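Trainee: Chain residues, written in single-letter form:
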Amino acid sequence: MTQCNQWLSELASPEGLLADIQQFGRESLLTNGWPTQKLESWRLTDINKFSKILKLPLNTIHTKRRDNNDKDWASIPNNAIRIILEPNTNSLNSNELPTGVEQLTQEEIEKHLNVQLQEKKANQKKSSASIAINDASTSNILGLKVVGQKIPGIEIVMPAKNHTLSSTKMLLILEENTKLDLLQVAIGEGDSAHSHSLEIHLEKEAELNHGFLALGGGEASCLTNICVKQKEFSQYYFTSIQHGWSISRLEPEIIQLRGNGNTTLNGLQLTNNHEQIATHSYVRFEGPNGSLNQLQKAVANQNSHSIFNGIISVPQIAQKTDASQLSRNLLLSKRARIDTKPELEIIADDVRCAHGATITQLQEDELFYLRSRGISAKQANSLILQGYCREIIDNLPISANRWDILNQLLSNIK
Amino acid sequence: MNRRDKKLILKIVDLHANAEEQPILKGLNLEIYSGEIHAIMGRNGSGKSTLSKVIAGHPAYTVTSGRIIFEGDNLLKQEPEERARIGIFLGFQYPIEIPGVSNVEFLRVATNSRRKALGQEELDTFEFEDVVKESLDIVQMDPAFLERSVNEGFSGGEKKRNEILQMALLKPKIAILDETDSGLDIDALRIVAQGINKLTHPNTATLLITHYQRLLNEITPDFVHVMSGGKIVRTGSKELALELEQSGYDWLENNPKIEEPSK
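Top to bottom, those sequences are chains A and B. Residue 1 is where the first sequence starts when you use this note's numbering, and the numbers rise one by one after that. Residue 1001 is where the second sequence starts when you use this note's numbering, and the numbers rise one by one after that.
Pulled out of the complex, with its shape left as it was, chain A reads as follows:
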């Protein structure tokens, strides 16, 4: 019996609201099998590291909910609420939610799940193994609907439990003309693993500033799939930081359903030791006049490996699309590795699509400039790296610096 079959056989029978999705995820894993490096999107993945996730038991125990003021966590700012998302989180007290934020009813969630399932069936061949693992193993979903302009920010903290796989799902709907700041914080612990899936619907003229802060530690793993559906004149700003995972794979998928939307993607991944961190983004314009501004940065240190694959799809209907993608990478060690690949699929003829990728070492001229002002080589290195990271970090919403990001990112760099 393969490891994948073994894992599937140990899962509880599908049940509850997500039974059909669970069933579909399991069948998809059985049919497509475990990813191998022969598949283009898994070509660079360390499959051994990835497979370790399946050796972990599922985190199903109903733990006592953590205090919002866990001493290792950042405090909550006045203008935001915090929701702790664990595998057993399926409902919140409605009095925990501010005006303008409601939980989706069971009927609303079912309706969305049915649509999701139909889409998954239609795209079966394209489905990613990390989504299939999430579908197969998640038993709860948190659904939120947001309406209005002056809504407090929402911080979603996703704690992990040592030596277990925590599978979580979320569905977020921003109604027309709604504006929201959302910060997700995924925390690793020991050899814990996260499998997280988030689906976002942005109705007309909705605006979401979304931060994803994934700070691991030790041998932890993190698999994240974010699927965003943008209607016309909506704005989606996404900033992701990934650091400190044995393996992390972030798959943001953004569909501009009728074009005419704005998407901004900023990403930073900083790797040390033998870590492998990857971002596989997919942006598709299904209508005209859409725009994309994407900046993906990586810093690779020691023996680590950083991967970026950015697909932009512009079919015939998406005339006047204006897309730009830039991948900037810093290689700090001779033994580190960076793979970066822009992938543009452009059928429409009247579009502007710019892309570029650079891989450099710390610039000698920048270092010398700082040193010529009396700043030590070590401090100059650190200042330049901080500046490099801050270009992305500063875009995170809800005063994310509460999480002491720069210190965590740079503490292992000598």
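Careful, some of the hints might be misleading.
Stated by the list, open to error - Reference listing, derived: stretches of chain A covered by chain B, where coverage requires no fewer than 3 residues with Cβ under 8 Å from a Cβ of chain B:
1. 136-146
2. 383-391
Stated by the list, open to error - Negatives, chain A to chain B, calculated, CB over 12 Å:
3. L30
4. I81
5. Q106
6. I109
7. I151
8. P152
9. G218
10. C353
11. Q363
12. E364
Calculated from the structure, these hints are not laboratory results. This structure is a prediction, so every number in the text was calculated from the model and none was measured. All C-beta atoms in this analysis are idealised placements derived from N, C-alpha and C, irrespective of residue type, glycine included.
Add chain B to chain A, keeping to what the hints say.
Mentor: The following block gives chain B in isolation, referenced to the frame of chain A:
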């Protein structure tokens, strides 16, 4: 010029230096005393900028022989940051942009490293704000530039003002200003030159590296040196710069004559 009451700040003896294994400086000698302003002129490729970078300790240049003595100590053994801390300042021809690093924080860290070397107390963020505001007036710089990233998106003139602002904050014993006049319009040149004049002091010295006479209309040098082929081929007073402006470098190369400054 009478140098009896002055202190020798910088002494360069038979300096040879390479860039990427190509010899650039080929036996350069220079003495700079306190209170003096020296100007080095010369064609492109004569080694002027290389000299400034070698004095500041740029790692891309290798000194193959000769000495640089700063106040009696061997400068060549020191790292660039050590040279800055003891009072050597290089104003860059092309100041470097450093995205994401706040200008005011950079200026504060740099100022504190110099203050520490001078045995002065380091300044916290609030104390530094007062100090920097005084220095901004010297170069008529908008305080908004403090909040931006170091030199990022600054115009040519703003970058040069930022250099002179650093000179004002670091209070060097010798300031080497590499083509500070390049890329400046007349008004900006005047502001920058007035800033430099305000910062000159009987105990400090200035070395101006320039292509053109126009900077020397604003800052009067005590000595003008002409570099060619990696060494100083002619030394004179400020009139030498005027002669050069009229007759060009060809005139000089056809009439080589070295005038040693009187002791």
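Trainee: Per the stated criterion, does the least C-beta distance between E364/A and chain B lie above 12 Å, as a non-interface residue requires?
Mentor: violated, 7 Å
Trainee: Since Q363/A was said not to touch the interface, does its Cβ keep a gap of more than 12 Å from each Cβ of chain B?
Mentor: The assertion about Q363/A is violated, with a minimum of 8 Å to chain B.
Trainee: Given as covered by chain B, does the segment 383-391 of chain A meet the bar of three residues or more with CB within less than 8 Å?
Mentor: With 8 residues close enough to chain B, the hint holds.
Trainee: Was Q106/A rightly flagged as not at the interface, with every chain B Cβ beyond 12 Å?
Mentor: Fine: 47 Å to the nearest Cβ keeps Q106/A off the interface.
Trainee: With d taken as the least Cβ-Cβ distance between I81/A and chain B, does d exceed 12 Å?
Mentor: holds, 30 Å
Trainee: Grab the minimum beta-carbon distance between I151/A and chain B and tell me whether it stays above 12 Å.
Mentor: With a cut-off of 12 Å, I151/A remains clear of chain B, as the shortest Cβ separation is near 30 Å.
Trainee: Confirm or reject the statement that I109/A sits farther than 12 Å, beta carbon to beta carbon, from all of chain B.
Mentor: Holds, because the least Cβ-Cβ distance between I109/A and chain B comes to about 42 Å, which exceeds 12 Å.
Trainee: Checking a non-interface call: every C-beta of chain B should be farther than 12 Å from the C-beta of P152/A. Is that right?
Mentor: Correct as stated: the minimum Cβ-Cβ distance to chain B is 28 Å, above 12 Å.
Trainee: Counting residues of the segment 136-146 of chain A with a beta carbon closer than 8 Å to any beta carbon of chain B, are there 3 or more?
Mentor: That given contact is violated, which follows from only 0 residues of the segment 136-146 of chain A lying within Cβ reach (below 8 Å) of chain B.
Trainee: C353/A: least C-beta distance to chain B exceeds 12 Å?
Mentor: holds, 24 Å
Trainee: Going by Cβ atoms, does G218/A stay more than 12 Å from chain B at every point?
Mentor: Per Cβ check, G218/A is outside 12 Å of chain B; nearest 28 Å; holds.
Trainee: Is L30/A truly not at the interface, in the sense that its beta carbon sits beyond 12 Å from all beta carbons of chain B?
Mentor: Answer for L30/A: holds, closest chain B Cβ roughly 47 Å.
Going through the hint list in order, the structure does not satisfy hints 1, 11 and 12.
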